[in-house]
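Just so you know, the working numbering puts the end of the sequence shown at 99, numbered straight through with nothing missing.
It should be emphasised that the hints constitute simulated quantities derived from the structure, not laboratory data. Just so you know, not all the hints are guaranteed correct.
Unchecked claim - Estimated spans, in silico, between C-beta atoms of each pair:
| no. | residue 1 | residue 2 | range |
| --- | --- | --- | --- |
| 1 | 25 | 92 | 14 to 20 Å |
| 2 | 6 | 52 | 19 to 25 Å |
| 3 | 41 | 89 | 20 to 26 Å |
Even glycine gets a Cβ: it sits at the ideal position worked out from N, Cα and C.
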Amino acid sequence: ALRARGVRHALITLGARGCLLVDEEGSWHCPPCQVTAIDSSGAGDAFNGALCAELLDGASLRDAVRTATRVAAHCVMHEGVVEGLPTRAQLASIPAPRS
């Protein structure tokens, strides 16, 4: 229905189940990173912020989604929002989504 209205990309976050991207190539599920969640506060905001930052840096949409998934995973591994926001160096320690 969205595609019929001219929407080119739709991204749906699924919490602990990862996220779903629908674009001109079809649908693609990005699985979650396998981490132990402590606090999900701010994970969606962290995901969205990382997605925007990666796209502004020139990443492809799918690569940006993978990075955003890793940032959200790092976020849920920590108590509180600010403590859960990773630096780029910390991000390297988060296992990538298996996709």
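Do the hints match the structure? See the list:
{"no.": "1", "hint": "25 <-> 92: 14 to 20 Å", "in the structure": "violated (28 Å)"}
{"no.": "2", "hint": "6 <-> 52: 19 to 25 Å", "in the structure": "holds (21 Å)"}
{"no.": "3", "hint": "41 <-> 89: 20 to 26 Å", "in the structure": "holds (23 Å)"}
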